[in-house]
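K.L.:
The primary structure of each chain is shown beneath.
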Amino acid sequence: AQTVTQSQPEMSVQEAETVTLSCTYDTSENNYYLFWYKQPPSRQMILVIRQEAYKQQNATENRFSVNFQKAAKSFSLKISDSQLGDTAMYFCASTLNAGNNRKLIWGLGTSLAVNP
Amino acid sequence: DTGVSQNPRHKITKRGQNVTFRCDPISEHNRLYWYRQTLGQGPEFLTYFQNEAQLEKSRLLSDRFSAERPKGSFSTLEIQRTEQGDSAMYLCASSLAPSAVYEQFFGPGTRLTVL
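Residue numbers (the numbering used here), protein chains in the order written: chain Z, 21 to 136; chain X, 25 to 139.
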């Protein structure tokens with residue numbers, strides 16, 4: 021079965037510090053997409069950053085960047101200069117083995133608390 | 025607001041009752057997905073539409089669940105004879121395909137509580 025694993029149920033970081041959230045996945049596919057989504061408390065899921073598996077360059081979006089290691093099947097998220105508004109559940113997701121429908125397979129999430 | 029909308033946002037029902045949720049996707053999006061998220065878990069795929077055609081259903085979607093997307097616009101998810109195990113957040117997402125991005129945009133969800 022294709023799976024996405026987030027091994028850190030909870031993490032905390034001080035405001036302005038850097039934190040890295042881990043994600044690993046299992047697939048035999050060669051072409052797929054990886055995503056990090058953020059779900060603030062009682063608010064909707066929003067996309068943080070995406071990575072196409074065929075691209076070697078790591079994606080970056082402002083304070084958010086990924087470390088994509090395709091051979092190791094690892095996709096970690098680094099948040100720099102953490103802000104209080106970054107407090108949320110973070111989900112790693114992928115289109116692993118999704119065929120043409122591009123449904124997402126999700127990890128269990130990491131609850132991140134940014135402390136003042 | 026041109027994002028994905030879902031109604032109602034919260035639904036409390038008694039076991040055995042039928043409930044129906046609605047999702048309005050981003051207007052030009054041809055793909056629509058339903059996911060279910062229980063407390064402390066990541067979302068799980070339920071079903072997917074390309075325009076009005078329902079192309080895949082998860083094994084999680086029992087016979088009590090039915091989804092439609094008439095005219096390829098909004099979608100409804102109906103649960104018949106609700107059970108306490110159906111209590112969850114039901115998420116709708118839409119996307120545009122083909123696309124170089126394949127990003128799914130999510131609605132705020134409908135939280136179902138079955139008493």
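Think of the hints as simulated: they come from the structure by calculation, not from any bench. Computed from a predicted structure; not experimentally measured. Idealized CB from N, CA, C, for every residue including glycine. Just so you know, not all the hints are guaranteed correct.
Here's a subset of chain Z near chain X, in silico, CB distances under 8 Å, partners left out [unchecked claim]:
| no. | residue |
| --- | --- |
| 1 | Leu67 |
| 2 | Gly127 |
| 3 | Leu128 |
| 4 | Ala133 |
Each pair of labels, with its calculated beta carbon distance range [as the list claims (entries may be wrong)]:
| no. | chain 1 | residue 1 | chain 2 | residue 2 | range |
| --- | --- | --- | --- | --- | --- |
| 5 | X | Ser29 | Z | Lys90 | 33 to 39 Å |
| 6 | Z | Lys90 | X | Gln41 | 47 to 53 Å |
| 7 | X | Arg105 | Z | Asn87 | 45 to 51 Å |
| 8 | Z | Gln77 | X | Gly40 | 49 to 55 Å |
| 9 | X | Gln104 | Z | Asn87 | 41 to 47 Å |
| 10 | Z | Phe84 | X | Lys95 | 33 to 39 Å |
| 11 | Z | Ala91 | X | Pro122 | 26 to 32 Å |
| 12 | X | Ile50 | Z | Ser62 | 18 to 24 Å |
| 13 | Z | Ser94 | X | Arg105 | 28 to 34 Å |
| 14 | Z | Gln34 | X | Lys95 | 25 to 31 Å |
| 15 | X | Lys95 | Z | Glu35 | 45 to 51 Å |
| 16 | X | Gln78 | Z | Ala92 | 35 to 41 Å |
| 17 | X | His34 | Z | Leu128 | 43 to 49 Å |
Partner residues are not named here, just some residues of chain Z that face chain X (Cβ under 7 Å, in silico) [to be verified]:
| no. | residue |
| --- | --- |
| 18 | Tyr53 |
| 19 | Gln64 |
| 20 | Met65 |
| 21 | Tyr74 |
| 22 | Ala92 |
| 23 | Lys93 |
| 24 | Lys98 |
| 25 | Phe111 |
K.L.:
Could you run down the list of hints and mark each one as holding or not?
P.N.:
Status of each hint after checking the structure:
1. Leu67: holds, 6 Å
2. Gly127: Holds, because the Cβ-Cβ distance from Z:Gly127 to chain X comes to roughly 5 Å (cut-off 8 Å).
3. Leu128: holds, 5 Å
4. Ala133: This hint is violated: Z:Ala133 lies away from chain X, its Cβ roughly 16 Å from the closest one there, beyond 8 Å.
5. X:Ser29 <-> Z:Lys90: 33 to 39 Å: holds, 37 Å
6. Z:Lys90 <-> X:Gln41: 47 to 53 Å: holds, 48 Å
7. X:Arg105 <-> Z:Asn87: 45 to 51 Å: Once the Cβ atoms are compared, 47 Å apart, the range 45 to 51 Å for Z:Asn87 and X:Arg105 holds.
8. Z:Gln77 <-> X:Gly40: 49 to 55 Å: holds, 54 Å
9. X:Gln104 <-> Z:Asn87: 41 to 47 Å: Hint holds: Cβ distance 46 Å, inside 41 to 47 Å.
10. Z:Phe84 <-> X:Lys95: 33 to 39 Å: holds, 38 Å
11. Z:Ala91 <-> X:Pro122: 26 to 32 Å: For Z:Ala91 and X:Pro122 the Cβ distance comes to about 28 Å; the hint holds.
12. X:Ile50 <-> Z:Ser62: 18 to 24 Å: holds, 22 Å
13. Z:Ser94 <-> X:Arg105: 28 to 34 Å: violated, 43 Å
14. Z:Gln34 <-> X:Lys95: 25 to 31 Å: violated, 51 Å
15. X:Lys95 <-> Z:Glu35: 45 to 51 Å: Since the Cβ atoms of X:Lys95 and Z:Glu35 sit about 48 Å apart, the hinted range of 45 to 51 Å holds.
16. X:Gln78 <-> Z:Ala92: 35 to 41 Å: Given about 37 Å between the Cβ atoms, the range holds.
17. X:His34 <-> Z:Leu128: 43 to 49 Å: Since the Cβ atoms of X:His34 and Z:Leu128 sit about 24 Å apart, the hinted range of 43 to 49 Å is violated.
18. Tyr53: The hint holds - Z:Tyr53 has a Cβ within 7 Å of chain X, the shortest such distance being about 5 Å.
19. Gln64: Holds. Min distance 4 Å.
20. Met65: holds, 4 Å
21. Tyr74: violated, 11 Å
22. Ala92: violated, 21 Å
23. Lys93: violated, 18 Å
24. Lys98: violated, 20 Å
25. Phe111: Since the shortest Cβ distance to chain X is 5 Å, the answer is holds.
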